[in-house]
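J.: Here is what each chain is made of, one letter per residue.
Number of protein chains: 2
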Amino acid sequence: MPEIKDILLGNQKAGARMIRLIENNDRCAFDLLKKLYPHSGNAFIIGITGSPGVGKSTLIDAMITEFRKRDFKVAVIAVDPTSPFSGGAILGDRLRMQRHAADKKVFIRSMASRGQKGGLSRATKDTAIVLDAMGYDIIIIETVGAGQAEFDISFCAHSIGIVSIPGTGDGIQAVKAGILEIGDIFIVNKSDRPDAEAAVLELEMMLEMRSTQGQISNPSPGWTPLVQKTIAPKGTGIKELVDTFLSHFDFMKKKDLIEPKKKDLERLYFNSLLKDLTLDKLMLFMESSEEYRNVLQKIKSSSMDPLNAAEIMVNKIIRF
Amino acid sequence: MPEIKDILLGNQKAGARMIRLIENNDRCAFDLLKKLYPHSGNAFIIGITGSPGVGKSTLIDAMITEFRKRDFKVAVIAVDPTSPFSGGAILGDRLRMQRHAADKKVFIRSMASRGQKGGLSRATKDTAIVLDAMGYDIIIIETVGAGQAEFDISFCAHSIGIVSIPGTGDGIQAVKAGILEIGDIFIVNKSDRPDAEAAVLELEMMLEMRSTQGQISNPSPGWTPLVQKTIAPKGTGIKELVDTFLSHFDFMKKKDLIEPKKKDLERLYFNSLLKDLTLDKLMLFMESSEEYRNVLQKIKSSSMDPLNAAEIMVNKIIRF
Chain A
1 MPEIKDILLG NQKAGARMIR LIENNDRCAF DLLKKLYPHS GNAFIIGITG
51 SPGVGKSTLI DAMITEFRKR DFKVAVIAVD PTSPFSGGAI LGDRLRMQRH
101 AADKKVFIRS MASRGQKGGL SRATKDTAIV LDAMGYDIII IETVGAGQAE
151 FDISFCAHSI GIVSIPGTGD GIQAVKAGIL EIGDIFIVNK SDRPDAEAAV
201 LELEMMLEMR STQGQISNPS PGWTPLVQKT IAPKGTGIKE LVDTFLSHFD
251 FMKKKDLIEP KKKDLERLYF NSLLKDLTLD KLMLFMESSE EYRNVLQKIK
301 SSSMDPLNAA EIMVNKIIRF
Chain B
1 MPEIKDILLG NQKAGARMIR LIENNDRCAF DLLKKLYPHS GNAFIIGITG
51 SPGVGKSTLI DAMITEFRKR DFKVAVIAVD PTSPFSGGAI LGDRLRMQRH
101 AADKKVFIRS MASRGQKGGL SRATKDTAIV LDAMGYDIII IETVGAGQAE
151 FDISFCAHSI GIVSIPGTGD GIQAVKAGIL EIGDIFIVNK SDRPDAEAAV
201 LELEMMLEMR STQGQISNPS PGWTPLVQKT IAPKGTGIKE LVDTFLSHFD
251 FMKKKDLIEP KKKDLERLYF NSLLKDLTLD KLMLFMESSE EYRNVLQKIK
301 SSSMDPLNAA EIMVNKIIRF
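Each protein sequence line maps, in turn, to chains A and B.
Mind the numbering: the first sequence is residues 1 to 320 in our numbering, read in order.
Mind the numbering: the second sequence is residues 1 to 320 in our numbering, read in order.
Hints in this document: simulated from the structure, not taken from any laboratory.
The reader is advised that the hints may include incorrect statements.
List of simulated lysine-lysine pairs, DSSO-like, C-alpha gap at most 27 Å [said to hold, decoys possible]:
hint, chain 1, residue 1, chain 2, residue 2
1, B, K253, A, K281
2, A, K298, B, K229
3, B, K316, A, K262
4, B, K34, B, K253
The structure presented is a predicted model; accordingly, all values stated were derived computationally and were not measured.
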């Protein structure tokens, strides 16, 4: 069992142990998390999302280096199953990441996208709270796509960067997938490819439409979403990208958007916890209640049908 | 509100109205369903699954014709969003289906795969109960793939047909997707294509491995899964396919497998209902409880954090 004080001191072993408890949906995790929660709320949480192959991991790798130059402590949660952080990609990528391994102010953690007992979305949110309480200034969450059924990044992050590459028509896809609505910063990676300018223009045009049509809500009211070109392996545009993320955070602070955002995220977190804890309790009931076993027996012997049985059972379990 | 007696008489308008209530997760639906349930359990439920483009709908269309020749009443639930039954495919397909429209002993219903308030799986299962109680002898459920997150056909059907086409390496895919484990009958459609024999052989080889290795459970113990060739638009192999499905049903009856299967499905249905009704209740609580609104307010004013709030709330709601 990890010690709260070790986690708060930023001890990476204690942090890793805590995150493992979260992933196993261990009952202790919740109690520890309650103690950590009041110490969270200081980190700047960045979501980086985009299709597989756009180079998110290399980009994040370069961003880590840039943030470290400025002496920020950086943590990464890779929810993307194809991420080399998650062990999903080729060895070369994995080795490249290793260069941060010796840096005690960098912490990289991958989330298995399957088999999270308590749900991926909750495990990620909970892990972000731990990393936040550990004192990381910047937490980067890497996901494939946004708005996917299992995980919605806008549930966790202050600032969302959408990564695309030229020549894939990703812009149109972004509109379709509703990704355009949640992005604060749009990153055209691999911008040494021929169609880079066209990709930037296309995105800017669509963002223009977003701001003038007003149909699509702006995640940070008053903030004009920016399109930024990068070539991640060469480090091109990374300094500017990090500047932009930090200025977005500054913007939110100056416009008093951090607190409403925090409250909004807390409401969503509360609602999802309510659902998760309810299902946890139901699971516990099914595993341990004699009443439940009796009803199963009645269904088996046809003295009760599943509909009536479920209704009776639920009315017994739920006080509302 | 549909009348129970009209549904039991097989009135299609009443049935359609009932299914609409199910899709809207209307509270009345559950009460009506409880009354219909004792009248269900007579139909033979067939699941037809396979990737988009393998011709499932054309196959089902031909199967309907064959079942009608033998004077069976047939109902189809299309869960596949790309199915022409669901309006997802080209006009030609849709028109072709129309030929059963005048036949009062055929009932075709599509399930929207999005926006099912109570979940797609539950809506499909509930709809099958309605069609069963309406007196349809055969209920065919069409889905894309099995074991998909949102819907598991083996949760509903007595007999499962897996459709593939030659030359797509679907066999290997089937193993990967775990589809091989749940199939009772394997249908190689479009079998006038060059690689048809190879596709049949590949499937038979893999089924051989399934039976000898014993690692994969057989959904109908003692039943040797068959591979059947069809050319759906020409009707080739359809008579034999229908024969095979009916003999699988006979086999299950003779071996007393129907009752254990029914009990198994009932247990699964009960468990999923328990979960669904619990979440329904939670939703109702969140919509109408003043206590819930008070807690939201406390989170907003920072006098309570989301973790503690959720725990207190859940302990109040759940009696267990």
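J.: Now tell me, hint by hint, if it's right for this structure.
T.: Results for each hint:
no.: 1; hint: K253/B with K281/A; result: 39 Å, violated
no.: 2; hint: K298/A with K229/B; result: 43 Å, violated
no.: 3; hint: K316/B with K262/A; result: 26 Å, holds
no.: 4; hint: K34/B with K253/B; result: 26 Å, holds
Violated hints, in rising order: 1 and 2; the structure is consistent with all others.
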